[in-house]
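S.K.: Listed below, chain by chain, are the residues.
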Amino acid sequence: MLRIFLTAALGVCACCFLAVAVRPRDISARARKLHFSSIVVDTHDDTTQRLLDEKFDLGARHTDGSIDIPRMREGGLDAIFFSIWIPSKITGREAVSRALAQIAAVREQVRAHPKDLVLATTAAEVRVAHKQGRIAALMGVEGGHMINSDLDVLRNFASLGVRYMTLTHSGNDEWADSSTDTAAHNGLSDFGKEVVREMNRLGIIVDISHVSDKTFYVALEVSKAPMIASHSSCRVLCDVPRNMTDQMMKDLAAKGGVIQINYHVGFLSQEFRNAEKANPEINKAIGEEVQKRCGGDEACQLLEGDRLTREHVERGELPRVDWKQIIEHVDHAVKVAGVDHVGLGSDFDGANMPYGMEDASKLPKITDALLKKGYSEDDVKKILGENTLRVMAEVERVSRELSKQPQK
Amino acid sequence: MRRILVILCVSVCISRGFFLSRTVSADEIAARAKKLHFSSIVLDTHDDTTQRLFSKDFDLGKRNLDGHVDIPRMREGGMNAIFFSIWIDGRIMGPPAVEKALDQIDAVHENVLKYSKDLVFCRTAEEVRRAHAQGKIAALIGVEGGHMIGNDIRVLRMFGDLGVRYMTLTHFYNDEWADSSTDKPAHNGLTDFGREVVREMNREGIMVDISHVSDKTFSDALEVSKAPLIASHSSCRALCNHPRDMSDDMIKALAAKGGVIQINYERSFIDQAYKDAYDKVSGGVVAAMEKITKECSGDEDCTSRKLRELQTQMEASGTLPRVSWERIVEHIDHVVKLVGPDYVGLGSDFDGATMPDGMEDCSKLPKITEALMRKGYKDEDVRKILGGNLLRVMEQTEKVSSELRAQ
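In order, the protein sequences belong to chains Y and G.
Count along the first sequence starting at 1, add 383, and that's the number in the numbering used here.
Count along the second sequence starting at 1, add 1403, and that's the number in the numbering used here.
Errors might be hidden in some of the hints.
Below, in silico cross-link-like pairs of lysine-lysine (DSS-like), each with a Cα-Cα straight-line distance of 30 angstroms or less [unchecked claim]:
| id | chain 1 | residue 1 | chain 2 | residue 2 |
| --- | --- | --- | --- | --- |
| 1 | Y | Lys576 | G | Lys1459 |
| 2 | G | Lys1517 | Y | Lys638 |
| 3 | Y | Lys607 | Y | Lys718 |
| 4 | Y | Lys607 | G | Lys1740 |
| 5 | Y | Lys576 | G | Lys1503 |
| 6 | G | Lys1520 | Y | Lys472 |
With beta-carbon atoms standing in for the labels, derived distance ranges [said to hold, decoys possible]:
| id | chain 1 | residue 1 | chain 2 | residue 2 | range |
| --- | --- | --- | --- | --- | --- |
| 7 | G | Arg1602 | Y | Cys683 | 30 to 40 angstroms |
| 8 | G | Leu1807 | Y | Lys514 | 23 to 33 angstroms |
| 9 | G | Ala1589 | Y | Gly475 | 52 to 62 angstroms |
| 10 | G | Ala1589 | Y | Arg494 | 28 to 38 angstroms |
| 11 | Y | Asp680 | G | Pro1475 | 49 to 59 angstroms |
| 12 | G | Glu1513 | Y | Cys683 | 33 to 43 angstroms |
| 13 | G | Leu1807 | Y | Lys633 | 46 to 56 angstroms |
| 14 | Y | Lys597 | G | Phe1457 | 29 to 39 angstroms |
Rather than coming from a laboratory, the hints here were simulated on the basis of the structure.
The beta carbon of each residue, even a glycine, is placed where N, CA and C say it ideally should be.
Please construct the entire structure, taking both the sequences and the accompanying hints into account.
M.R.: Written as structure tokens, this is what we have:
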């Protein structure tokens, strides 16, 4: 009886503890104050896929996924790059029109929620939004295949507000090699170099997440503006091609760029990665189940993939990855590249989130952890968003300079 | 001898006197016209120059031997505000239409950037006035044909965000929500979605352009729109009975709601004899265009150019009569007589139509000002026709837009 009682009490207490653990009380007052007065920028959110479903209301709190306005508010997320993404295998004009549909969907959300959201295309506009208490909505195109090898399309993206473009997604495009495909262009083709130069001129940040190491170096050489990795982590901590080596981070930093740490468990944890590799049937099973449940619906694929991965973790078939691994990657990148060259690129709604970082409402924990590690408030602010804003401002400056062409 | 002398003297005296008084008066008007023209905002609401921006042989910043518009000739003609027309064939629909339209919008923005010393992109009447004060040419954008929104109101909004300031509801063919004046009626004017498009244009501050639409579409749009409408490039049906032109009743109804008809200089829209002859030889402009479009396999610049070439050839061979630029003034005058000087302006259709003799390109525009003054028009009325009326509609459209957005 006693034993039962004790167990029950323990059980209850454990519940209490768990509940408390995610409550703001767990976060120091100093961290809260700092977090909610800083501009918190996330450079990669796949929420856009969900926006294509007209029934999805970004203004309502959801029990699935990681992003909506209430949870952004709760987590103090002030600026979000909505990722424009379609799979690499979709190419040509279909890729262009589907990308345009996603751009339109983001713009419609801004329209539908004028009190909470405002479209921002410059660092200054992000700051104004923050002052007004509105969330800055920005756009990044995740994969150069969406321009259909046409600079006119790239320029249209820029006019419509796109402010970064990832040169590839998981597959090579016609002019750049991906880190997860067989090299075909020795990095960037001549046209690929032209794309990078045009991005500089238009003020679109060159994003080297997803690209091969060679593409990264060629882009670094060609680009006149600093680059970002919008959602990549550290390869030395988790050896996957999607992450950056220490040398790459140093070289990125030397040219003023920023690595935005990705929270995907498979990019954070070597243990998780090893388990995935050792049990390829798990990923295969997840893939098949996702296909069965979702067909070609990308929003569904992303959410179900996350859900199914968690189920395997719960069953003990894959290791449990804690959110604190994010801090380890941030800290490593700071040690290697410097505190001016690290930021946040969650991959919310597009990846498998670690325990404790299920959604945007959990972001203050990062601020708290960094302060507890002894980071200065100024340095934390840089990581939360100031570094990204600095790159944006610099990219804008380069764009203005390149646009000043002498008139014939 | 004496007699001869006397006659000579008299004739010299008379002719000198007559000559002098005539020249003085003519010079005076010419000088006043020149002064008035070059101090006014001269706004043209329809120029198909956009399609030429894609041609490697064309440079907007240089004086070109062909075509009607480039910066040097705009400067020479005192044309300081231009609506670049975004146009693709009305049979291209859906996403490809949207993309091609976006490409053209981009080309306008790129050229404004390239020639930023001469051009400045404008979205409001106030910006046009500021451009004029700075000695720059105001570049604006109009979309010629509702088919380019791909039946998607969100695309219309994107166009608005990208600076589009009018949209012609159709081109030569019906789109899926509005009937064209040169196609078989399919929607009895505007469909429900078509009405929604008009309301959204009001909200976005995009002027509703009823050039090209059927008479029923015009009256539907007039009923739905909360802002005045424009006909960006149409002339008077009473002078030339073409479905692309407006009847007197339509002009009156347009004016009653504060709108403006911007006179088109196309020969077959301003001259009845020309139109009749043209219809006879080619089966009408649409049939001619269909044939040429096929030959040009979708290249819009080629289509416009070939259409003009065809007409030029037919004129040279005498198949088509010649048309004088003075017809343009007759059309303006007709509207003024009908509804007063507040409801008419200029919508040349340069680079998209065949120009009458004497109006070969935009450098010839001062002739219109002079002709109106010779007709006894007051300076302020001439200024209205040259651009003031259209700016008034723009302002009104902006006002309606901010009211609707505030709701």
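S.K.: Flag every earlier hint the structure violates by its number, smallest first.
M.R.: 4, 6 and 9
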